[in-house]
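Residue numbers (full-length UniProt numbering), protein chains in the order written: chain A, 1 to 386; chain B, 1 to 386.
Just so you know, the hints here were simulated from the structure itself, not pulled from any lab data.
Glycine included, each C-beta is placed from N, C-alpha and C at the ideal position.
Fair warning: there could be bad hints in the mix.
Residues from chain B that face chain A, not an exhaustive set, calculated with beta carbons under 10 Å [said to hold, decoys possible]:
no. : residue
1   : Val130
2   : Ala161
3   : Asp287
4   : Arg290
Protein chains: 2
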Amino acid sequence: MTLSALARGLNPPKGFVDASMVNPAPDAISLLGGVPATELLPTDAVRRASAQLWDDRDAGRAALRYSPAHGFPTLREWIAAREGVEENRVVVTNGGMHGLTLAVLTIVERGATVAVDDPVFPGFLWALEVSTSQTLPVPVVDDGFDVEYLAERLATGERIAAAYTVPDFHNPSQVTLSAAKRQALVDLAERYDFYVIADDPNRALRFAGQDQGVTAFHSSDRAIHVNTFSKTLGPGWRVGWLVLPEHLVEPVIRLRNRLDVHTSSVNQALVERLFTGYDEIVRRAADVYRERAAVLVDALRSQLPGVFDVREPEGGMFLWPRLTDDSIDPTALFRRVVAGGVIYQPGEYFAASPQRSTARHLRFAYADRTPDELREAVRRLARAFA
Amino acid sequence: MTLSALARGLNPPKGFVDASMVNPAPDAISLLGGVPATELLPTDAVRRASAQLWDDRDAGRAALRYSPAHGFPTLREWIAAREGVEENRVVVTNGGMHGLTLAVLTIVERGATVAVDDPVFPGFLWALEVSTSQTLPVPVVDDGFDVEYLAERLATGERIAAAYTVPDFHNPSQVTLSAAKRQALVDLAERYDFYVIADDPNRALRFAGQDQGVTAFHSSDRAIHVNTFSKTLGPGWRVGWLVLPEHLVEPVIRLRNRLDVHTSSVNQALVERLFTGYDEIVRRAADVYRERAAVLVDALRSQLPGVFDVREPEGGMFLWPRLTDDSIDPTALFRRVVAGGVIYQPGEYFAASPQRSTARHLRFAYADRTPDELREAVRRLARAFA
């Protein structure tokens, strides 16, 4: 077997990814995945959109043909209008991970260093391996990615190709990057000649607090904004988008053309027929997730008072409670809880640096669990503490 | 702008790719692309498959969710049965180009040499740039890729990471690799430790002659067999597959998981609902293409007798006539023909080596042109010779 250095650099699943693939006992309640609630997936709207598409012979035929590498013009237009950018800066992708990997392969040199959230979405470290495994972990604090910390490291001579952060409803730590820090981060990128990769899959799912805006990203030629329809219309589409600085559009297109030519015309034709109801689909999802987050927070506070430091999420899919009692062994706890019929992602899987343990945290994904399941999950959790 | 070496190695479109993007005059007849006839695209079958999928709530919901990186088990099973391999060797891709690029990134080291057909499908050279631009051109002769030639080069010490060929209805030169040479090629790969990349998009579209089989590829752990539904069900799906040696399945999956997670669940759910009518769709297409190939060959022979060396295709989408008169300037001819209302791919675009000119050839793609259009194209061509 003769694998390329690139292929040899790709590690097998472990920790987070591995746990995502665990099939828990049939009656276990899974709080593992950042996936939309199945019952919110817009199957009725898709049925109507499908009938509309395939009843229209010309549109149907177009959907079965090649289409531009940048994406359907109408789809790009709609996205651009919502993002407040020129249409030529939007590239349709096969979902968020595809957008991340396109960005990484385009701008991160083999072996270069990339600053990443700490704690970090482990899927990004995984994607990053197509170019490098060298990271500079940057603490995520109450108002997001610690830009000051990064500035200090850069001032002392460290150099990075990119800085990766999840600006809205951070995965795993819930927090949102403040507007001021968004601007400070792109200013830093312009000064030190790196790219910001802003990974924003849950951005549409805000249900409390104040939107911090994306103008900072969209006004800088050093920011790549990554998004997807996976969390709203469903991950099965594999349709997302990038907002790129103009000078990166052609390099990204050259790469994506070679990787997979273009995003499925069938899917783009269907997704754009869901635009009419899109805001309603998103609003309904945000309403449901608001309720679920509240149920989970309330249950934890009432059934396990003082056990966790818990903060109400403002959107997205994750709760990131911290164990307040330092004498609790989180690994032993995880084993007890799984045995008791609940599965979640232990905080240690999200550590970007060995120095800064995230092991005192648990990541609960609440979006695809009903209020009853969430209450029952907390009851089982409470028994594991008893 | 700071691009990675990988991104910097990707050339802008030129020649073939560029010409594929030409928008000829509205009344020009295009013989450019290897694309299925629009009227053969199975829109009615897709309409029925769609209704079936979205009327089934559980199946519809599953289609909107994440699915395995390897592909839908039922889809892989069906493909495996037809290919005569174990299901675990089949990986569902986002079409043929995706399969090629996954193979290249997995097994071709940066800067390594890859033996390629000469003439060659230029899209492969384009894909190959994600790893290398070093090629060893191997002549394509009457019974395909010249395995003897490659053997001699290897015997004199040349080393390659892979050998790329289109075994069935070669693009552009129509020929089919003989069964004996398929075996000889994989024997060589085993002996000299390289991989065969067999790119087979038109394999299902045989309408004459004898199938040369794929057992040689499927019996060797040095052969990667690349296929797609693009030429039968339509390129808009972006669904294809790889048959891999077992030891390459996990490396390819690790890469594809990072590149785009998995092929759209929506598309896989729809494509597998087209299985019932699949053979009929393919048979009908092959019948139509047989007729079109014959019309084109007959028209060339009757209206331009002696001008071309023309051979009847046995399948696929291409005719590769050679100008018999060496005094004709093919570039000037191309200009005259385009001005006269026909566009095709000049042979020079398919040259893999500067030494071996393919400029005396023209590539005519006949599949998506009606018999009347083909006859009219030849009339216009004849006028350009007058």
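_Indices of hints not satisfied (ascending)_ = Numbers 3 and 4, in rising order.
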